[in-house]
Every structure is written in C-alpha cells, then in structure tokens.
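S.K.: Chain residues, written in single-letter form:
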Amino acid sequence: MSPTTTAPIPTYTKKDFESGVDPRWCPGCGDFSIINQVQKALPAVGVARENIVFVSGIGCSSRFPYYMNNYGMHTLHGRAPSFASGLKISRPELQVWVVTGDGDALAIGGNHFIHTMRRNLDIKMLMFNNRIYGLTKGQVSPTSELGKKTKTTPHGSPDYPFNAPALALGSGATFVARSIDIEGAHMGVVLKAAAEHKGSVFVEIFQNCPVFNDGAYLFLTEKAVKADAQLRMEAGKPLLFGKDNRKGIRFNTQTAELEVVTVGSNGVAEKDVLVHDPHRADPTIAFMLANLSDRAGFPTPIGIFRDVRKPTADEMTWEMIKAAKAKRGETSVRKFLSDAETWQVK
Amino acid sequence: MSTPSKSPVEKVDSVTIRFVGDSGDGMQLTGSEFTKASALAGNDLATFPDFPAEIRAPAGTLAGVSGYQVNFGCRDIYTPGDQPDVLVAMNPAALKTNLADLRPGGMLIVNNGAFTEQNLEKAQYKSNPLDDATLKKNYKVLSVDMNKLTEAALAGSGLSSKEIARCKNYFALGIMYWLYSRPIDHQIDNIRAKFAKKPELAEANAKVFKAGHAFGETSEIFHQQYIVPAAKLQAGTYRNVTGNQAVALGFATVAKLTGRQVFLGSYPITPATEILQEMAYFKDQGVVTYQAEDEIAGIGSAIGASFGGSLACTTTSGPGLALKSEMIGLALITELPLVIVNVQRGGPSTGMPTKTEQADLFIALFGRHGEAPLPVLAARSPSDCYYSAIEAMKIAVKWMTPVILLTDGYLGFGSEPFRIPEEGEVKGFDVKYQTTPNYSGQYMPYLRDDKLIRPWAIPGTAGLEHRVGGLEKDSLSGMVSYDGMNHEKMVKTRAQKVANVVEDVPDVEVDGAATGDLLLVSWGGTYGSVKSAANQLKTQGKKVSHVHLRWLNPLPRNLGAVLKSFKKILVPEVNNGQLAFYLRGSFPGVDPLQFNRINGKAIKVSELIGKVNEILG
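For the protein sequence lines, the chains are A and B, in the order given.
22 is the number of the first residue of the first sequence in this note's numbering; add one for each residue after it.
0 is the number of the first residue of the second sequence in this note's numbering; add one for each residue after it.
Same shape as in the complex, but just chain A (with noise of 0.2 Å):
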C-alpha cells in the first residue's frame, strides 16, 4: 500500500520542520526549546519529511504535533502509544515519534507505555517531565516528588513518584535517556542517537513550566551545584563528575551497589571507576544508574542509560507476514473460504 517516497531525500533546514503555526505555551516554557531541538536535528536524520509522523496524547507537550511540518495526530489523553504501535506494525518504513508528558505517558497511559516498551516497537517516545498537571493548572503528577504541596496535594503528596526510566528500564525499553530542556547541545546529541535507534526509544526530558512548577530543576541547572548534581553519562568513559572531575562511580563488589568515590584520595584510582556502557545486553547496571537520582549523596545521571539492538516487534510482525505468504503463496478469496470441510449442493 506504501506511497511512501523513495525519491531521494532533499537537503532540509530546520525551517522545513516548521508548520508555520505559532506554538502556544506559556513565555518561558521549557517545550520551546525542546521542539527547536527536535527541529534542528531532523534535517541530519536522513528521513523524508513526509515519512515521519508525530502522535501525542493530551496535555501542553502533546501540542507538539501541529507545530511540526509533518504528518501528526493529537490523540487521547494517555493513548498516544497505542495509535503509534497501530501506525508503525502497519506502516513499518515509517518513523514514529511519540510526544508525551509525564502526566500523559506516567497516569493515564502508564498501561500503554510499559506495553510499547515492552514489545520494543520501533517508536520514538519523547516525555516531557515537568512534574506537574500543567493544562489543568497545577495538580500533582506521578513524577512528583514526594511531600509535593499542589492543588489537589494542600497537605503535600503521599504519594512517591516514578522514576521515568527506570520504569522505562523495568518495562524493556532497549534505548533509554534523560536530557534537560535547557541543555541544547546534550538534547541534540540525545535526540540524534535516538533517531538512529532501531527499536523502543524513551527520552525523558526535564522540563521547567514557569507557571506552575518553577524552578523544579534549578537544583540540577544551576551554575553552583551543576557539576556536583548533574552526572553525564559517556559510553566508554569513566563516570566521573564534579567540580574537577574527581568524583566517580564506583561498583562495590562487597555491597552489589553503586558508591560515590573521590578519585585520588582513600587509594580510588580513575581505573576503579565504573565506565559507562549503554550496549550492555543485561540492564541492571543501567537500572542501577537509573536510580541514582532517588537517592540522597548522589548525582541525577544525565545521557544514555542503555542502547541495545534487539529485533522489534514491527520486523517480527513483517518476517512471520513474510514467511506465512511464502508459505500459502498467493490464493483467491473461493480457495480460502474452501479452506474447511467442504460439500456440494446440486
């Protein structure tokens, strides 16, 4: 059935991904400068325009579609992954994203979620994590912290929050990520590796809302504690962070967990610290990573958790589709119906 163009891929600009509609989020919102990534870094990905497909659910992220220059749909509230799961098993050349919040992705559609991690299909979901209910205007999100006073949490939240990706992780997501909203360069680099994956993609973005959760990462961005709290994460490199960069992570063999050490004082070698590999088939040191930012005395890891190849359901799907049609070959409508017990009526 695919029309799906096969010409030659023009050269784009960013411009090219632009709908021309203005987005309406609030001044200052961190969903600006996500889609000024998402949009400088889809001309690199050497897809047609017209073959990539933006399906978002509802909330203030799920706007996203009518600002792309692509073919979108604004769907239901949580429900964006089951349109996108039905678009890419039928149209597998085609390359679907996701945008979502954490309201979106997390409560209502956390059943959609963990099931399109699961089956690993070649779907690319972005979550917007602001940590709030932003279109209703201020109401606790599973993402939340806990303790966290909103409208509907007067007293503060009793509830704990999910950790996104390790969620994400838990579910059978073969490529996971965390990046900043004001991050540009790291969203850049984030959003290309998750492009060129094959298989299910979660990016969770930190993202600021001015209006109802402000300043809910200044703990991570500001200038002052930036390079204690952020921990960046390097395929190949040791994970190190820190003013100077002394500080690691290092695997305790004794305790089966991750520790901070400072490099050069109690004997810790830079050798001693752990290096990053988000190829690693088993995901429990990614989980591990995952996490760190729950945990009090350590950094909120930033990067790549795990980048695993792994067949996805939509190949799977097309190979059994492939092999069943070899199998029969091609028959009419009368032979298949006679496909049963038949008798004849004179």
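Each hint should be verified, as a subset may be incorrect.
[Claimed, not checked] Here are some, though not all, of the chain B residues that point toward chain A, as calculated from beta-carbon distances under 7 Å:
| id | residue |
| --- | --- |
| 1 | I183 |
| 2 | R238 |
| 3 | K255 |
| 4 | G264 |
| 5 | V287 |
| 6 | G299 |
| 7 | A301 |
| 8 | I302 |
| 9 | G303 |
| 10 | L446 |
| 11 | E464 |
[Unchecked claim] Quick list of in silico lysine to aspartate or glutamate cross-link-like pairs, EDC-like style, CA-CA up to 16 Å:
| id | chain 1 | residue 1 | chain 2 | residue 2 |
| --- | --- | --- | --- | --- |
| 12 | B | K567 | B | E502 |
| 13 | B | K35 | A | D249 |
| 14 | B | K566 | B | D516 |
| 15 | B | K603 | B | D100 |
| 16 | A | K356 | B | E421 |
| 17 | B | K600 | B | D100 |
| 18 | B | K537 | B | D516 |
| 19 | B | K35 | A | E362 |
| 20 | B | K563 | B | D516 |
| 21 | B | K354 | B | E613 |
| 22 | B | K209 | B | D188 |
| 23 | A | K356 | B | E464 |
| 24 | A | K367 | B | D590 |
| 25 | A | K356 | B | E422 |
| 26 | B | K567 | B | D590 |
| 27 | A | K264 | A | D249 |
| 28 | A | K356 | B | E613 |
| 29 | A | K36 | B | E464 |
| 30 | B | K193 | A | D293 |
| 31 | A | K343 | B | D283 |
| 32 | A | K348 | B | D283 |
| 33 | A | K346 | B | D188 |
| 34 | A | K258 | A | D293 |
In short, the hints are calculated from the structure, not lab data.
Ideal Cβ placement from N, Cα and C applies to all residues, glycine included.
Once you've looked at the hints, dock chain B against the given chain A.
M.R.: Then chain B, alone, in the frame of chain A:
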C-alpha cells in the same frame, strides 16, 4: 462399513437434537461432528453451543453443564430450534438442567452409567430420576450404560481408565449416527485425522464410535431409525461457518479484493475473541492483526493504522465497546474509516459473557459524548456476518467514518451452512487516497465533496503533510478551532454526512402482504426466530408480515411508510425494548408493541407465535 439395518426408517422433515454433558465430556465436539455429518447429508441446519463462562466448573455439577444444539432439516432452517426433539444427556446434572426443554414425548438418550450416587448428589437429585415412572411416561427414554460399554469396547487397549472415560462421547455419537442413518466411514476418517498425533487414541475413539453405532443397530431398545432428506439449497460448494468465523473471512475478503491491508487491533473478550484468532491466520492474505494490551489500545492501534491508510477494524463485546467509546468519538471527529464489530453479550457490566443479548443497540446508536452519530448495521445470521463485515468496511471507507457492526453471541457462536461465493461473485470496492493538493496548491484535509466526504491523505505522501486530532477543527484546514460557529457547522456537517449514507441503505422489503393486521419488525440475530414465526403464522392464514432491519442508522427511507401500513406492529427483541423505543422516537405516531425476552437465549418461535396470536385475539 455398516450393514443395512433391519429397523424401520421413518422420514422426518426436521429434528432438533441437544447434546449435554459435563464440560469435560466433549459435548461441543460431539455436537459439531454430528452437525458436519448432517451438512454432508445435504440438510439445511443451524447450531448453537451453550456452555458455562467458567472453563472447567467442578465436574458433575449443575454449573459445569455444557451443551450443543443442532436443528437440521430438509426445509429452510433459520434457528437452532426452540425445543429439542432429542436430548442426549451424559450425566445427572445435564439431565437436570435440560430436561425441561425437551419436547413432551421427545426422545431422551441418557448415559445411565454416570448416574452414580455421587453424581446424583452433585446434581442435587434426592433419588435417581431414571427410576421415576413419570419420566418414562412423558418421554421416550433410552437408558444406556455408555461408561460400561465404552470400557468393554476398549478392554485390553492398554489405555488408562481416565483415557477410556474420555472416549464415551464417541459412543454417544455412534448411536446418533445409527439413529439418523448417517454413513460412518467419513467420521472414522475424521477421528483418525483429529488424533493423528496420538494413533492409540485415534484407534480407541474409532473403536468406541463403531461400538456405539453397532449398539444402536443390534440392541433392541431403539425400535426405528430416522432419515432427514436433503434440503433444497442453492447449488454450490458449502462449508459451515460460525458468525465469528464469517466476520473474519469477510475482512480477509476485503483485503484480498481491495489489495489493501486490513488491520485488526483487538483484545480478547468473550464472545468476540474468535474473530481475532481467525484473522491471525490470514497474515498471508493482506491481514495484519495486533493483540493490544487492552480494549482501548485495540481500537487506538486501529485508528493509528487507519491514519496510515489501512482498512482498519476492531472487535469486541459490550464491556469493550464501553471502554472504546472515547476512541470512537476520536475516529468520528477525525473522520477516519474504521469498523467496530460488537459481538453483543448479556450486560450490563460483566453480565453473562457466554449468553446472547441485543441490548447494545442504544450504546451503538448513542453511546458517545457530544453529538456523535455514526452508521450502525447488524448481521442477521452466521453467514450474513460475512457480507455484513464487507459492507461495513465499504461504507466506512467510502464515507470516511467509523461504522459499528452489531452481531451477538448467538450469531457469533452459532453456525450454519455457508455457500462459498463463486470467483468474482463478491465485489471489491475502491480505496482512494488523496495524492495531490486540493486547494490552491495546498492540502485541506476537511475540504469535502458534494456528499460531504473528506479526502484521505496518508503519511508518505509528500506535500500533503497535515495534522488531525480530537480538538474541534477548522472546517477547511483541520487546524484547531475554538470558534463556536465553526463548531456548530462541523457538528451539523458530520451529522449530515452520516445521514447521507442512506443512499447506500436499501429500502426494507416486506416479507408478506404490504398491509395487514400485524407487522413483525426484527433486527440482528432475531431474524431467524421472527422469520420462522412469520412463516408459520402465514401458513395458519394470519395477516402477518415481517420486516427485518439490517441498517439501524441511517434507517431505510421507506421504513416509516411501511410501519404505517399495518394496524399493529410487534417488535420482538432480546432486550427490554430498545428498537421499539428507537422507532417511537424516529417515527412519531408509531407505537410498536413489544415482545422481550432477556434470558440469554434466542427468542423461541413458539413463544413468539403465542404472543402474536394473543395480540390478534
């Protein structure tokens, strides 16, 4: 080979047989095997299985009884039959739960070997009903120890006593083959094929089947055999289909004839699951199936595939339809083609999953928030499910709209002979995608044609990139619009478009005189019962006609005039009067009488005839 029997053979026009036993007794198999033999003998027939929602309720209990009814004859058969003429009961619980349905004077074939003290207690019998003299007075009782005879047939086979016990359904089948003069060779081949992987069981079952047949012939308790001559069916090649199989075959036919992918996104739910299972086997014919994580994702994936250009469908039953409501609204406002098949079951809530009902007419017509009309049609018989699926998809694609196809558990599980259409007999339809800009070099996804149908441009088409969504859209560009007058225009336009579908809805045909004392109006799965009742009433000289509705929205153009041509209207339904209510609202002045049964079963022809006679006085 069976030797010709010396027993007298009586010719009968039609017979209804019900096989009942414990869930583990293999009654579904026995019933369907006997059905196949009837079909091969050229009978017209209809079947209906009746089994508990639990896969295996405790053995021997009343809750664990499973049944299979078949009505076959030399004349047209429209229903699986009101009352069995023959009841084959494999244990006390089966007898207890089914005896009341047996026609007075009917034949009761009972496995007395299962009437142990323990089983009698489980069936809550205080004494053995087989010892009751009134049983023999009211019915022709043939009491056979199938347990013992099966054991004897398999003596020295080396099978365990459990394996031997599981063969006894073939003893019952053998008796029935003899009783209805069926040739046995074909069944022996079937047994060998069915148990090909376990030759020792194939031999055992074949042996027991032959023993049952020989028992019928030689024992003196059966005084005669019966023969039901072949029916006059349209010439052709036939197979049996259940309604669920037929829906799957219909969608596979659509894929084949249009050359377009048919995508099914679904989630297992009784009684609709078989459609997904059946369609999964058509991967090589252009069908893609996807078992989603829940009902909502089932339809969501289908709408996603529809946006991508597939001919998309989703299958479900009542509770699932309720969950899909919001999604149906989205398909409707985005105006993407989609077929939602709802195999109705007893509701509300979980209700009676394995029992039939027609109580989802209202939710199909009105069960969405906002102004959200869509086309609704209903299949009338298992084989009609095939044509209904094709028609529903054709309408969805032509009119760019979701369409609801209603079937029900009675049709979905029931089976009847299906004439396989000749090559070229079933026609495909055009599926057109917009490939060029339609408005001064731009693409306007909501620029409509004179029928108010919007174009369908799909991803991969350069220059036609556009966005659709659930927010109200501008009547031309499809961009988000909060303009009140635009909203009103869009609401009215969407409603008018669905109203325009009436051009594809044929006028109803009146079966019988165009005017008269009473018009029976049926829809969906009650067709068979109402048609049979109307036929019998007509032969009794009653001025009764029958109209069957395939389309529930839009209603056929001539329906109002037809309704007004009769003194009285009676609407029989397996619900509390939903069509009757709808007709009152649609045709002011029309006030149908109602006949409602909501007992999980099809309407009995005899009850309906009784009701009509009561009305006509």
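S.K.: Sort out which numbered hints this structure fails and list those numbers smallest first.
M.R.: As far as the earlier hints go, 1, 10, 12, 13, 21, 23, 24, 28, 30 and 33 are violated by this structure, in ascending order.
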